[in-house]
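Kindly generate the complete structure, drawing on both the sequences and the hints.
One letter stands for each residue in the lines below.
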Amino acid sequence: MAASSANQSAFSKPPVERMGGLFCASVDELVADVGDGSRLAIGKEETGASLAATLALIRRKVRGLHLICLPVSGLQADLLIGAGCVETVETSGLSLGEAGVAPCFSRAVRTRRIRVIDGTCPAIYAGFQAAQKGIPFMPLRGILGSDLLRHRGSWKVIDNPFASDHAQAAMGDPLVAVEAIVPDVALFHARSADPDGNVFVGRDRDGLLLAHASRRTLVTVEAVSDENLLSDPLRAGATLPELYISGIARTPRGAAPLGFAESYKADTAFLNRYARLAASDDGFCEVLEELLGMHRLHGAPIGPAMGSRSDVG
Amino acid sequence: MCTSTLDDPLPIEVLISTVAALLEGVHHVAVGASSPIPGAGALLARALSCNLADTTPCAQRLGTPEADLEADSGVRSLPRSRRVRVSILGSRRHHAMTNGGVELFDLAATGRIDAFFLGGGQIDAAANINLVGIGDYPSTLTRWPGSFGSAYLYHLVRRVILFRLEHSRRVFVPRVDFVSACGSSPEGEYRPGGPIALLTGLCLFRFDRDRRRFVLQSVHPPHTLEEVRDQTGFDFDLAPGLAATPLPGDQALALMRGAIREEIAETYPEFARTWSQSFETGGDRSETVAKIGAALQG
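Line by line, the protein sequences are chains A and B.
Residue 1 is where the first sequence starts when you use this note's numbering, and the numbers rise one by one after that.
Residue 1 is where the second sequence starts when you use this note's numbering, and the numbers rise one by one after that.
Please keep in mind that the hints were generated in silico from the structure rather than gathered at the bench.
Keep in mind the model is a prediction, meaning the values are calculated, not measured.
Yeah, the Cβ is synthetic: ideal placement off N, Cα and C, and Gly gets one too.
Mixed in with the good hints, there may be bad ones.
Said to hold, decoys possible - Subject to a maximum C-alpha distance of 16 Å in a straight line, what follows is the list of computed EDC-like cross-link-like pairs (lysine to aspartate or glutamate):
hint	chain 1	residue 1	chain 2	residue 2
1	A	Lys-61	A	Asp-28
2	A	Lys-265	B	Glu-270
3	A	Lys-265	B	Glu-266
4	A	Lys-61	A	Asp-33
5	A	Lys-61	A	Glu-262
6	A	Lys-61	A	Asp-36
Said to hold, decoys possible - Heads up, incomplete: computed chain B residues facing chain A, CB under 10 Å, no partners named:
hint	residue
7	Gly-101
8	Val-132
9	Ser-139
10	Thr-140
11	Gly-149
12	Ser-184
13	Glu-262
14	Tyr-268
Written as structure tokens, this is what we have:
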């Protein structure tokens, strides 16, 4: 894996064959190519989780996903696990925050329905950073002495080849090398896109890292603006260029019931209800139905033809 | 305490002011996930360090033992360089990073974060912490959220404060089932950071890095040393000056219940709601702590 992950040609962008270019008519179309067994990368929820596209994957009954959280997740991962879409989850943490433990995740670990690859946040970031540079690994400090290292075949302890101090050179200066993480697909929710397919991520720069490290990137956006993002000096520096994008679906409130950026807050009443109900399989089905219904209601027509100006960019 | 216009402090308010006292002198404190009390404590430390109009020294406002020493020094304001910076993960307002989630870790590795908080489902005598679960990994019987950034930050942040509200033998064990992050490292290994203290619902321990043992520093009123002994599953030492944990003064209390509660509500709305309910209605205080405890740990 390390050899292929260092191979930059693996990142070449597949041709887009959709009628509307990068823009998809629905979230279902957006995720249509995410096959069973894909290595799917998602970000932490406060930087933009595409719940709408996640529910589309669940509707399609995707199976055997290797879910990679950069570097943690919550409701989004718990839903995929509860719906039986996930075989392996690679994460530094999975919880519902103030609403408590992630119930489906806890249950799936207990009943051994999923495999967990336990990480630590900076190591997952480092794995993505190695991938975006096209190199097989990234060294970093800390971690030594943790059982995470003991259980992790793809992390190695190496010696600092630049240790200059004589005493240090004699004793060695161990560093942990983490293997590059190259997801097949990255999926996240962003503020806006322009008609050319550039995506505004604002301050939530993990979207850039997700895209730089992954073979393909799928994005849902709150809005589509008229103006080219790269020609706006205020937004260009916080824009993910079209170069990385494989598909966009305009999906207002696409992160709900989670909060998103400056646009809307998390529905804490729902999250508390989820934490309670999803503690059982039956309860999970009930709350999942509610969520599917919620997103069906604001299934919006998609694309730049709408001419709706971004009020969130 | 002097005559009070406010109620007596709630147990969580004693914890918040103790956190602020542990942060005296830091330049930049960062607060991780699921940490409302440390977050409120960090915001209090910042508010006290920025309160230029207030002539009362920080230590006195906090009710720390240094109060008398500083009371005569006439500290009227702190220069900009001494004001505390706070970064709260999950906050948009109290968070000055612009390079994505990795920036926190880069800041830590370059010595730009002085203090951080870690917790643990289990914490042992040697300050090893377990955030993964109980049982024989990977077949954990009880699974917790995961290690987050602990395995890294514990090594790199100089002043790591361990915080765990629940003080019981199931939490404070002789040896953790899984080491998410180790309390100390072999001699000669690069490790500028590590634990300095463990704050619980009952007491405050200091961690003696040379001896690799916890030292009981103070017990929160009305709890007792016997309770601490009964509820701790490992041996610890007693500090020579072992005392009751100082309570926050009226000013710190007013600040906490006003500005600090509003600031922390942005990231922890449920916590802030439960907190204000209990001081507004004079509700059952132990219940407040229990509710907040339940929210922190399943």
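Legend entry - Hints breached by this structure: Violated: hints 5 and 13.
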